[in-house]
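There are 2 protein chains.
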Amino acid sequence: MARSDIRLAILAGGSGTRFWPAGRRSRPKQVLALDGDDPRPLVELTVDRVAPLSTAAPWIVAPADLSKELARHLPHLGKDAYVLEPRPRNTAAAMILTAHVAAQTAPGSTVVALPADHHVRPAGRYRQVLAAMAARAKKSDAIVTLGLKPDHPATGYGYLEIGERLEKRAVGDVYEVKRFVEKPDARRAKRLVSGGRHLWNGGTFAFRPEHLLREAAEHLPEVATPIRAAFEQWGKRGFKAALKKAYDVVPSISVDYGIMERTRHVETLASDVEWDDLGSWDAVARHRKPDADGNRMRGDVTVVDAKDCVVDAGDGHVALLGVEDLIVVRTKDTVLVARRGCGEDVREIVKRLEAEGPEDLLR
Amino acid sequence: MARSDIRLAILAGGSGTRFWPAGRRSRPKQVLALDGDDPRPLVELTVDRVAPLSTAAPWIVAPADLSKELARHLPHLGKDAYVLEPRPRNTAAAMILTAHVAAQTAPGSTVVALPADHHVRPAGRYRQVLAAMAARAKKSDAIVTLGLKPDHPATGYGYLEIGERLEKRAVGDVYEVKRFVEKPDARRAKRLVSGGRHLWNGGTFAFRPEHLLREAAEHLPEVATPIRAAFEQWGKRGFKAALKKAYDVVPSISVDYGIMERTRHVETLASDVEWDDLGSWDAVARHRKPDADGNRMRGDVTVVDAKDCVVDAGDGHVALLGVEDLIVVRTKDTVLVARRGCGEDVREIVKRLEAEGPEDLLR
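Those protein sequence lines, which keep their order, are chains A and B. Residues in the first sequence are numbered consecutively from 176, following the numbering used here. Residues in the second sequence are numbered consecutively from 176, following the numbering used here.
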């Protein structure tokens, strides 16, 4: 499949409260350096990783109020690269918007839409996988999702139950998807993984724009109809206002829940690339190189008799003494001290701050 | 004994690295608020606690470079209150200097010299104890130290082995001191406490200036002689320079080690006041009121599922998540995260910073 036929859409609209206090409303996960020991932010790594797949610059799909912060980290992308949403409305709206833009500006193309904030290795193999997904999406009638062969019974990911094998490919076979499974508990995750019929849901999709729009119109008209109406103004002066009006009424719903779980036209490519959605500080820790005592540290840290700690000192300094299994994240205005394994519960701190303040620690 | 016969000397020269990062070279322990939940610094509490014992304002004995910081916390004391040392030279020099000043300015008085940074309760009973020590020192030939009846086998304090009972007093009996015992290990501490012949060494002394100077001249001439020479210039323009010259040559040695352990003219009053030398964050924690989960917090702290933690948030904010038994001390430039019970080892962090930097975290 020709590189000129592919359009890349990088979904960069996440809010990232799970990485508080480094992650803030104005500085979400995708602009933080959370992939291993690489000092570059996730969105920059993602752009660099997938850009070779297409002759066109990737689209950055995000709420307008994040565009400045994103542009700061992507200086080589022009203004045209941004597909800006009037406000955050989750992934269903973002995907439908992207499909319309593709249909208008690149008819006949195949879109590969992927999150800005995942860990994937190795990059070359991953690009082969995305290209294979795009090739499959071009010739089939379906939306093709990235499936990952699980290597442990993860409870932090959604799963895809696979059905019939549809095609053998060098980088992984393509299957029909029978069911989307929400994040399971530990017991269920074990069963899913040992059964051999489930893949992790990589949240990454290849599709022809007209297919996605068809499925959206059928299964999610409350999002599809207002956005389609806005596109009647495409290329005219009124488009921006029309899109704002549409986003005022569309519900916030994920593409998985709103479209993928409802359509039968969904397939998956079962890949074995190394993948992690980096859902919490605990996940981030897994990809950092530990020192001899198992500490995974970034920034200026003084350690006496500490082990297996994850530390981000920010622009300041952190001193550890006699502790183990902690997550310590320091910023100018606060510091989080959490037990490792509690990364998912950082949102409880955020909720508490939302309820009791100080509110400025969230901005 | 008349209040006009007593002179109070508050030894405020400590450096306080054990309270890093709140404690710094420029902001030692005695100017920090470390006594229970009282927001006032230790030196202010100490002055307020003992001032009623004398008609004269207490002397603040400290290195000159701390005088500004001390004065900031003691606005009601005039310049005359300060007995300033040219440089820090430990407690033997400070006590000898104090004794000379007392001999010159208040002949016939009895001096009560006490640390600026201890926890004592209740204040009224404590003053009665100090007054009794002064009365004993006035009539005996000895230096009278504060002994505390131990209520647990502490390893963080020095001990006094008592001999013959010399006098019965309402606030505690007076004994001869047979031996000074350095901080014992846990086993030895148990033996000392169960034997009933040992008291904690409160580091507080009542003495007539001429007695202390006599003992200093006999047992610690390397400190006593240069300082005595400087006092030949007392009241003249050259005194300050002479004292500086003396302090350039006197060794840094504690009064316990340099004088008390060597003289036979030392007695102790066995008191049962509540006392703690607040030697570490662990000690400080003991006197703070815990919340329902055992957390002892000061400043702006958000807690989710944490217990038995000691937190000083400084002017910033600290968030705890799923942790227990930690000491967390945040300042503008750093944060210490230590296991409770490791308070004594904070000096290891300080040593590391001295060796490897950043040096400005110590200033």
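FYI, nobody ran anything at the bench for these hints, they're computed from the structure. Some hints could be false.
The list cannot tell twin chains apart, which means a pair is met if one copy fits it or any two copies do.
Listed next, the in silico DSSO-like pairs over lysine-lysine satisfying Cα-Cα at most 30 Å (straight line) [unchecked claim]:
#: 1; residue 1: K324; residue 2: K358
#: 2; residue 1: K526; residue 2: K419
#: 3; residue 1: K507; residue 2: K464
#: 4; residue 1: K243; residue 2: K415
#: 5; residue 1: K314; residue 2: K411
#: 6; residue 1: K526; residue 2: K358
#: 7; residue 1: K526; residue 2: K343
#: 8; residue 1: K482; residue 2: K507
#: 9; residue 1: K343; residue 2: K313
| request: Can you give me the call for K526 and K358, within, between, both or neither, at a CA distance of at most 30 Å? | output: within (21 Å within a copy, 47 Å between copies)
| request: Have a look at K243 and K415 and pick one of within, between, both or neither, based on CA distance no larger than 30 Å. | output: within (18 Å within a copy, 63 Å between copies)
| message | Cα distance capped at 30 Å. Does K482 pair with K507 within a copy, between copies, both, or neither? | response | The answer is both: 25 Å in one copy and 25 Å across copies each meet 30 Å.
| field | Status of K419 relative to K526 across identical chains (alpha carbons, at most 30 Å) | value | This pair counts as within: shortest intra-copy Cα distance 28 Å, inter-copy 59 Å.
| field | Status of K358 relative to K324 across identical chains (alpha carbons, at most 30 Å) | value | within (15 Å within a copy, 61 Å between copies)
| field | Intra- versus inter-copy proximity for K464 and K507 (alpha-carbon distance at most 30 Å) | value | Close inside one copy (25 Å) and across copies (29 Å); limit 30 Å.
| said: I want to check one pair: K526 and K343. Are their C-alpha atoms no more than 30 Å apart within a copy, between two copies, both, or neither? | reply: Neither, since 46 Å and 62 Å both go past 30 Å.
| message | Treating 30 Å as the Cα threshold, decide for K343 and K313: within, between, both or neither. | response | Within. Shortest intra-copy distance 16 Å satisfies the 30 Å Cα cut-off; inter-copy 101 Å does not.
| query | Between the shortest in-copy and the shortest cross-copy C-alpha distance, which are at most 30 Å for K314 and K411: within, between, both, or neither? | reply | neither (33 Å within a copy, 103 Å between copies)
Against the hints set out earlier in the document, violations occur for numbers 5, 7.
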